[in-house]
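> Protein sequence lines, in the order shown, are assigned to chains A, B and C.
Counting from 1, one number per residue, gives the positions in the first sequence under the numbering used here.
Counting from 1, one number per residue, gives the positions in the second sequence under the numbering used here.
Counting from 1, one number per residue, gives the positions in the third sequence under the numbering used here.
Treat the hints with care, since some could be wrong.
To be verified - From chain B, some residues computed to sit far from chain A (all C-beta separations above 10 Å):
| # | residue |
| --- | --- |
| 1 | Thr17 |
| 2 | Gly122 |
| 3 | Thr204 |
| 4 | Leu323 |
| 5 | Arg525 |
| 6 | Arg530 |
| 7 | Leu566 |
| 8 | Asn592 |
| 9 | Ile655 |
As the list claims (entries may be wrong) - Negatives, chain C to chain B, calculated, CB over 10 Å:
| # | residue |
| --- | --- |
| 10 | Pro44 |
| 11 | Gly50 |
| 12 | Gly75 |
| 13 | Gly115 |
| 14 | Leu120 |
| 15 | Thr123 |
| 16 | Leu173 |
| 17 | Ala234 |
Claimed, not checked - Covered stretches of chain B (in silico footprint by chain C; criterion: 3 or more residues with CB under 8 Å from a CB of chain C, positions within the stretch not fixed):
| # | segment |
| --- | --- |
| 18 | 214-228 |
| 19 | 500-514 |
Calculated directly from the structure, the hints in this document are not laboratory data.
Glycine residues also receive a C-beta, built at the ideal position from the N, C-alpha and C atoms.
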Amino acid sequence: MARTRYLARRLASILVTLLGVSLLLFVMLQLQPGGPAEAMLGITATPQRVAALNRELGLDQPLPEQYLHYLVRLTHGDLGESVIFDRPVTEVIAAALPTTLKLGAYVLILSGMTTVSLATLAAVRRGRPVDHAIRALPLVGLGMPSFWIGVMLLFLFTLRFQVLPAGGLQPGLAGGLRSLLLPAVTLSVAVSAILVRSLRRGLIDVLESDHVTAARARGLTGARLLLGHVLPNAAIPTLTLTSLVFASLLGGAVIVESVFALPGIGQLLVDGFRRHDVPLVMGVALLTAAAVMVVNLLMDVAYALLDPRVGLR
Amino acid sequence: MTAPALRVRGLTVTLDTAQGSLRAADRVAFDLPAGQAVGLVGESGSGKTTVLRALLGLPPRGSTVAGSVRLGGRELLGLPDRELASLRGTQVAMIFQDPATTLNPIRRVGSQIGEGPRVRLGWSRARARDHTIGLLRLMEVADPERVVRSYPHQLSGGIRQRVMIATALACRPAVLLCDEPTSALDVTTQEQILALLRTAAGLTGSALVLVSHDLAVVGRLCSSVLVMYAGRIVERGPVDEVFADPRHPYTRALLRSRPAATGERTRPVPVPGEPPDRFRPPSGCRFRTRCVLAEKRCASLPYHLTPVAPRLTAARLDATAPLRAAACIHATAPLLRAIGDTPHPGSIGDTPHPGSIGDTPHPGSIGDTPHPGTTGDTPHAEAVRRTDAGGRVSRLAGAGTPVLEVRGLGMEFPGTPTGRPFARRPRLRAVDGVDLHLDRAEILGLVGESGCGKSTMARCIVGLHQPTDGQVLVDGRPMPRHRTASERRRLQLVFQDPAAALNPARRIGGMLAELLRVHGLATRREVRPRCVELLRSVGLDASFLGAYPHALSGGQQQRVSLARALALEPAAIIADEIVSALDVSVQASVLNLLVDLRERLDVAILFISHDLAVVRQICDRVAVMHRGRIVEVARVDAAFSRPRHPHTRRLLAAIPTLPPARRTPA
Amino acid sequence: MSGIDVAAADGPVTGTGGRRVRSVGLLIGVAIVGGYLLAALLAPWISPHGPLELDVADALAVPSAEHPLGTDDLGRDALSRLLHAARVDLALGVAAGVTAYLLGTLVGLVSGYAGGWLDLVLTRVMDVVQTMPVIVMIMILLLVLGRGPVGIVVALALASWVGYARLARGIVLAVRNLDHIAAARLAGLGHPRVLLRHVLPNVWTQGFVFLTSDIVLSVGAIAALGYLGIGIEASTPEWGQMISSGQAFLATNWWLSLAPGLAIVVLGLGLALVSDALTDRLGSR
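Working from the sequences, and respecting the hints, build out all of it.
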C-alpha cells in the first residue's frame, strides 16, 4: 500500500515536471528573434503569412491564454509543422524514432552487462590490481568526447580493418545489428564509465555492511550471497543514478548519430537546428524530455519493487 | 570428560593499518565446556569483538590471526574459507548487537531465518518454514505467521532481536557467540531477551560466549568470566568468585565504577586516566598507568596469568570449575587497597573517608523531609538540605522561584501514514501535557524508555522545536516563540553523541572564544583566560584549546560540550543522555563532574537518561516519563524504594543487577 | 561466478601505499593542467605558423619538420591550429563552468537553507532543466541567444548549473540537522553567522571539487557543438571542429582527427587526477 502511494506521488510529480518543460519551451518560443510566428514559418515567412499565422494561433491574445492553447495543442499531439520537411512534426519524428530506439536498447544491454561485471569484479577484489585498473578506466573514459571515440572506432573498424559498415543504417536485422554496433559501443563507454564507479561503491558498501557479515556468519557464501544479499541492495542507489544517466545518454545519441550518419532523432535535431527549423527542434526537445520522464518512472517502479521501505520516511 | 566445545590457545589478532600495526587480541586462551556460558567483559578497544569475529573465522580486513581455535576438536585457523563457511551456522553462530542493521532490510524475515537450514542442511522450503515458525514460538513471538512474512523495518526492536536469535539457533550450533545482544534495547526488553537466550541455548544445548560491557548481564547468564583490557585477558574464573573477590585492579575498578541500582547510594568511582593508545600501549602491564597499586617492576612485567586458589571449598573440589587466574603481581591475595578508597582517586596514602564505602544510610539523611506531599511535585519547593552518604550536608537547593518551569507542554507530530487511501494521518502526541519544575542547584532526573518523548521534550524546552501547547518559563518569565540570542543562552542542551555536537572544522579554543565574544561575556583580553578557566572547570587543561574535536576521546568531548554550555552562564543545563555513548569507566568521571559543577557553580541540571542506576546516583529528584506523560515525580530514594506508579515499578524491576552476593566488594 | 569467492575479498588494506599514489597523482594532474594553461596562453608565440595561414599547395601534408602534425585540407598547419584551439576551448569551457558553479551554488544554498515554498519551486525548476539532455538544452537556448561566444557560454552555463545546485542544497540540508549546528543556534548565534562560518565552508569546497571534474565536460560540450558545426564560427580553430573536418580524410590523414581528441582526453585525465586528489584531501576531515 505504501508503495502504490509512492508511485502515485511520483507520477503526479512527473506530470508537473512535464508541465514545467512545456512552459519552458513555450517561453523559448516566445523569445525567438522576430517573434514566434516568424520562427515557426522560417524561410517561408512573408508578412502576409506571418499575419495569418498570428491570427490563427491567437498570438495577439494575452500570454497565459496562448500558453493554454499551446497545451491543448500538445495534448492533441500537434507539434506544429516542420519547415524543412513540410509535414507535421509528429510524422517526421515517428519516422526517425525506430532507429534511435534500437540504438538505445542496444546501448542498454551492452552497458548493463559491462557495468555489472566490471563493478562486481572490482568490488569483490577491492584493493587488488584488478580493482585499481578498473577504477582507473573512468578517469580517462569520462573525459573522452563520444564523437571522438566514434570517429576513432570508425577509423579502426571500417577503414583499417574493414569489418563493419562505414555508416548509415543497413536494412534487415543482421545489417542493423552490424551498423549499430559501433555507435552502441561508443555510447556504452560513456555510460559505463559513470555507472561502474557508482555500482562499485554501492557494492563495497554493501559487502562491508553488517547484514552481509551476519549472512556470512550464517554460512552463506559465493553466488548465493552475491545474488541474494549483495547485488539487490547495491543496485538501489545505482538505479537512481541510471535515470540521470539516461538524459546524458540521449545527448550522446544526438552526437553519435551524426558521427555514423544514422537516420534517427538526433540527426533530425541537428539538421533542424542548422536550418533553423524551430518547430522541429522544439518537438524533438519535448520528446526527449518525455522519454527521460518515462525512464524515471520505470526506475521508480523498479525501486519500489526492490525496496519494501519505499514511501516511508 | 568430554572435549570442550571450544578450546582457544594463544589467539593473537594483529591489525595492520595506515597508522601502524596493533595487537587487537594478545594471546587469548580459554576453554568453553559444552552447554556452558562464558562471559567476555571489557570496554571499547579491549578486543572482545575482535576475539568473537576471529572465532567465527571472519577477522577484520587486513588482520593476521595466529594461535589455535579448536571447535569440537577441529582446528579452525588455517582452514580455507569454503570449509569455514560450512561450519558457520551449523557449528558456530553469532548474534549481533543491533538487529536493525544486521538483518537484510529488503528481504522478508522468514526467508532469512530459514536460509541457514536450507543452504547448509539441505532442507526443503516447507520444512524450513515449519522450523522457522517453531523457533519463533520458542522465542515467544506472538503471531509468528505474520512475522515470517514481514520485513525487518515493520517489526519492533525486541521482536527483531528475537528474530536474530532464531536465525542464529536455526541450525542448532554447538557454540553461540553473542556480541552485546542487549545493549541496543530498552531495559524491559533486555530482561526478556536475556531470559530467552538462556532457555533457548539450554534447549539446543549450545555453549555461549557472551560479550558485554555490562557486568550485570554477564553475571546473570554466565558461569565463568574473562576480563579483557587492551587486548589481553587480565582476569578469569568463575563469575561469583571474580565479582566478589577480584584479583586484578582493573576488574575491581570496573565493579566499583558501576552505579548501584540498589543498596548503598555511593558515588561511582571512575577509573583514572584514559583508555590506552592502541598503537603504543604501555610496556609491561598495560593497565599500570591507571593503576593505584602499580609498582616500578610493573613496567617490565611479562604477560602472565597467575593462578589463584579458589576461595570456596566447593569450588576447590569441583574439577570442572574454571581455573581462576589474574595477570597482576598482587593476584595471590585479596586486593587490600584499590581505587576508590579515597574520595580523590589517585591520591594514594589518604586515609579512607568514613562513609564512602558501603556505609548504611543514616535514617532520614537523604533528603527526606517530614513534610507531607514530598513525593509529589510541589511547585516552589521548600529548601532542601541534602546529606550524602558521608554525612556531609551540602548547600541548600531550591529556595524561591524555580529556575526552569514547564507548564502543560505538548508537542504533536503528524504520524506515519496508515497506508489506507484518503485516511488522515493520525497525529502523534510525543509530549502530552507535561508539568515540571527544576530548582536552583538541583539535579532532576528524567527517565523513560526510548520513544517516551524525553528527547523531544528536551528540544522543546530549549527551543529547537516549537511546542504545540504549553509554556516554558525561565526564572518565572515565559519564553516567547522566537527567542533572542540572550534568551537562548539561558537554557543549554548537551547532546548524546559527543562527536556530532562539536564542529569538526574548528578548534576548541576558537569555538569557545566565538561564544564569549558574540555574547559579550568577556573583553578581548579576558577571552583566553576565561577559556582556560572553563576548560579547567571541566577537568581539562589548557592544552586542549588548540585541539580539534576528532583528536579527543568521547569523555573529553563531552567535557568540552559541558564547557561550552557553561560558557554561556545558563540558568539550567539539559543533559540528554550524555553518558550513554561512553564507556562505563568514563561515565563515572563525567557524572562526578556534573555533581561537582552543581556544587561549585549552583547550576541546575535536567538529567535525561534511560539508565536508572545512573539517575539514582546523582539526582535529587526523578521524573518518570511514559508515552509523553509524566507518570511519577518524587525524591530519588522514595521513587526507588517505594515506587507508586506501575510503570515505575516495571522499570525498576527490569534493571539487571548483580545478585546480593555479588555486589560491590568491601 | 564460481571463480569469484566473496570471502576472499578480505585482502590487505592499502595503507600507506595508497597515500603515496595520491600525491603522485596530484602532481601529475597539476602538471598537465598547468601545461595546458601555459600552452593556451603562449599559443601565439609558440606556434610555428599562424592558425589561419593558408597554403593550399601543401594541403593534407604528412607530418614533417615544418609541419609537425601535417596540414589540413586548406593547407593550414595542424599543430598551430591545435594550440590556438586550446585558447578557445579552455576559455569558453572554464567560463561556462565557473558561471555554472557560481549560479548553481547560490541557488542551491538559498533553496536548502530557506526551505519552504521557495525550496519547492526551485527544486521543480531544477527538475525541469535536468530533464533535457545538455546538448538539447543548449540548442534550444542558442536558438534564442545566437551562436557567438557569449551565447555559447551562457547557454552552456544555463544547461549545467543544476548539478552544482543539487550538490549545494544536499550539503546544506545535511549540515542543517547536525547537532553542532543546533548547538551553535542554541548558543545564540544568528542565522547569517551560522550560514557563513559553519555551513558555507563545506559547500563551496565541495562545489569546487565538482567544478574541477566538470570543466572537462564543459570543454567536451563545446567541442561537440563544434563537431556538429553548430558552435563557434567555422574558421576559428576549435578542437571539435577540427575532428569533424578531419573525418573526411580518415583513410589517409587520420592523425588530423586523432590529435584534437587526444588533447581533450589528456586534459580530462589531468583534471580527473586533480579532482580525485582534492576529494581525498577534503574527505578526510
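> Compare the structure with each hint and give your call.
Structure-based check of each hint:
{"no.": "1", "hint": "Thr17", "in the structure": "holds (13 Å)"}
{"no.": "2", "hint": "Gly122", "in the structure": "holds (12 Å)"}
{"no.": "3", "hint": "Thr204", "in the structure": "holds (15 Å)"}
{"no.": "4", "hint": "Leu323", "in the structure": "holds (30 Å)"}
{"no.": "5", "hint": "Arg525", "in the structure": "holds (51 Å)"}
{"no.": "6", "hint": "Arg530", "in the structure": "holds (44 Å)"}
{"no.": "7", "hint": "Leu566", "in the structure": "holds (37 Å)"}
{"no.": "8", "hint": "Asn592", "in the structure": "holds (35 Å)"}
{"no.": "9", "hint": "Ile655", "in the structure": "holds (28 Å)"}
{"no.": "10", "hint": "Pro44", "in the structure": "holds (45 Å)"}
{"no.": "11", "hint": "Gly50", "in the structure": "holds (52 Å)"}
{"no.": "12", "hint": "Gly75", "in the structure": "holds (58 Å)"}
{"no.": "13", "hint": "Gly115", "in the structure": "holds (14 Å)"}
{"no.": "14", "hint": "Leu120", "in the structure": "holds (18 Å)"}
{"no.": "15", "hint": "Thr123", "in the structure": "holds (21 Å)"}
{"no.": "16", "hint": "Leu173", "in the structure": "holds (16 Å)"}
{"no.": "17", "hint": "Ala234", "in the structure": "holds (51 Å)"}
{"no.": "18", "hint": "214-228", "in the structure": "violated (count 0)"}
{"no.": "19", "hint": "500-514", "in the structure": "holds (count 7)"}
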